[in-house]
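2 protein chains.
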Amino acid sequence: MRKKQLTEEAYVSGIKEGNRFILSRAITLVESNLPADVELAQKIIRHFSRDEEKTIRIGVTGVPGVGKSTFIESFGEMVADKGLKVAVLAVDPSSQVTKGSIMGDKTRMERLSNHPNAYIRPSASGSSIGGVARKTREAMLLCEAAGFDVIIVETVGVGQSETTVKGMVDFFLLLMLAGAGDELQGIKKGIMEMADCVTINKADGDNKKQALRAKREYANALHLFRQEEHGWHCSVITCSAIEREGINNVWQEVEKFVDVRKQVGYFSENRKKQRLEWMKESIEDELMQLFYRNEAVKGHLQETKEKVMDGFLPAYSGASELIKLFTREN
Amino acid sequence: MRKKQLTEEAYVSGIKEGNRFILSRAITLVESNLPADVELAQKIIRHFSRDEEKTIRIGVTGVPGVGKSTFIESFGEMVADKGLKVAVLAVDPSSQVTKGSIMGDKTRMERLSNHPNAYIRPSASGSSIGGVARKTREAMLLCEAAGFDVIIVETVGVGQSETTVKGMVDFFLLLMLAGAGDELQGIKKGIMEMADCVTINKADGDNKKQALRAKREYANALHLFRQEEHGWHCSVITCSAIEREGINNVWQEVEKFVDVRKQVGYFSENRKKQRLEWMKESIEDELMQLFYRNEAVKGHLQETKEKVMDGFLPAYSGASELIKLFTREN
Chain A
1 MRKKQLTEEA YVSGIKEGNR FILSRAITLV ESNLPADVEL AQKIIRHFSR
51 DEEKTIRIGV TGVPGVGKST FIESFGEMVA DKGLKVAVLA VDPSSQVTKG
101 SIMGDKTRME RLSNHPNAYI RPSASGSSIG GVARKTREAM LLCEAAGFDV
151 IIVETVGVGQ SETTVKGMVD FFLLLMLAGA GDELQGIKKG IMEMADCVTI
201 NKADGDNKKQ ALRAKREYAN ALHLFRQEEH GWHCSVITCS AIEREGINNV
251 WQEVEKFVDV RKQVGYFSEN RKKQRLEWMK ESIEDELMQL FYRNEAVKGH
301 LQETKEKVMD GFLPAYSGAS ELIKLFTREN
Chain B
1 MRKKQLTEEA YVSGIKEGNR FILSRAITLV ESNLPADVEL AQKIIRHFSR
51 DEEKTIRIGV TGVPGVGKST FIESFGEMVA DKGLKVAVLA VDPSSQVTKG
101 SIMGDKTRME RLSNHPNAYI RPSASGSSIG GVARKTREAM LLCEAAGFDV
151 IIVETVGVGQ SETTVKGMVD FFLLLMLAGA GDELQGIKKG IMEMADCVTI
201 NKADGDNKKQ ALRAKREYAN ALHLFRQEEH GWHCSVITCS AIEREGINNV
251 WQEVEKFVDV RKQVGYFSEN RKKQRLEWMK ESIEDELMQL FYRNEAVKGH
301 LQETKEKVMD GFLPAYSGAS ELIKLFTREN
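In order, the protein sequence lines correspond to chains A and B. Count the first sequence with this note's numbering and you get residues 1 to 330, in order. Count the second sequence with this note's numbering and you get residues 1 to 330, in order.
Read the hints as simulated data drawn from the structure, not as lab findings. Please note that the accuracy of each hint is not assured.
[To be verified] Which bits of chain A does chain B cover? Going by a derived footprint, with three or more residues having C-beta under 8 Å, they are:
(1) 37-49
(2) 129-139
[Said to hold, decoys possible] Lysine to aspartate or glutamate pairs mimicking EDC-like chemistry, simulated, CA-CA at most 20 Å apart:
(3) B:K324 x A:D37
(4) A:K305 x B:E269
(5) B:K166 x A:E193
(6) B:K280 x A:E284
(7) A:K324 x B:E39
Where is the CB? At the ideal position from N, CA and C, for every residue including glycine.
Construct the complete structure from the given sequences, taking the supplied hints into account.
Structure below.
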């Protein structure tokens, strides 16, 4: 049964007061695909769109098994203990298939979710990465409007999710394991080059020595592959999320990063760039949806694809034929 | 003064005969933005679109100063000497600004351009990387139709040109210099991860020892960062383009690569994927052009951008407003 809808004003004032029940309902609205919900959600967000750049948005990625949940729980709790309000979101473009492989179960971060300063939201699902991205970005804006200081966005490393998350955060953290080599097999192309900080997790017990060696190796490799960008060079640190060791170093790294980026003026510039990029992506996403949902296009798409794929029709000609169908009808 | 236009049949038979004069005119047609030219070009290309996958498409990238022209000249000449026909094209999205910074001057590769088996084409210009990409891809198809066996596509490393070239070739070669560190500053994010082969150039004289050390370092780093893909692991070799040493090793690497990829079936699969991707990109490119050229959109774009950038209007709302203007008018 559907709950009675709140008014725009009720949402806005509830969020401003930091009412989590209303925040959650507003995020549900943002995640809805119903036209009426989308419209109301946009009205609500307009009240809060001028974010004050006092918040910190942190992206966390890493292959399964690297201890992402444990890390986010330990890290989030440490930050929440400092008196900062922490929200955890996730980008999982696969969730429409797997029905929520990530954080579908809130108990996954039970300790953090019970912390008075923390808020955990299971991931949105969507038909496209663009759709999921929009929902997550808007959930993030709502959390900030509700007074959250630190937003942690987790990526599952499926499809384009890392690029998407990198494009919505200030600080992008890559979690890795010691024992360079085989464990890296799962790291996708280009991810290492997006990181602002590589954190080697599970640096505990017998693993500690190996973790320190891995740290040196990664630092060397990063020196070879990466250059300083806007005052910051990707750093490498070790921690043990489960033992809660070194977690504070990660936070210090975040603070150092924010200081540097604000000093060189890039913190704000990056957020401006991200907003423009979001609009550009939204336009592309919407236009492509209009295109592929067009009846005439749908009627000819498969046939055209096959001809192009097998080289019987040049790609550009195939595109032109479909676009003619689209503009005639639209 | 404009030359008299040839007929579709004259173009097609001329290209089939390998007539370079007609090939050049056909490529000029492909590069034109005049609607009549675009239409005729598409008709011509349709005659040749079923490429037989007997050709090899090689992308070459590297920062300025790495010796790209010298390398392509030495490499091209060596391949042409084997009796294979070699065409050299370039993707230079900056050329509409610099008026042809790359290969605008054919004398840059004088020796190769005088080789009976070689054909060098200065880079196309265009208003968008999508436009330049289409022109280069179609020039490539025409060269293949004219009997060229090896197509070398050079990228200047501006904007998205590497990604674009990677998406149109079978084998992507990254030229580097010895003395790892500072020289790498110019290498953009992600390029190293696209390469099928890293070739360290200028491995001559006093540089030789350093080049071998760099080879080891890169091989280690690649082992750390990259995994085998469809039977192939990115290799590292050294050469001296100017001394013509080791150039043959690069060719052997290409042949080995093609063998492996054909064996695992990925050579053909990759070309099919690329063709579909080209169509998808063409659709996006054309739709976005229709959108941004729309009068109503143009009239409101700057104002909307500013509101979004400064955070006064949510990105998705800005996008929706502009799209409403577009669909109403279109």
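Q: Please flag the earlier hints that this structure goes against, numbers listed from lowest up.
A: none
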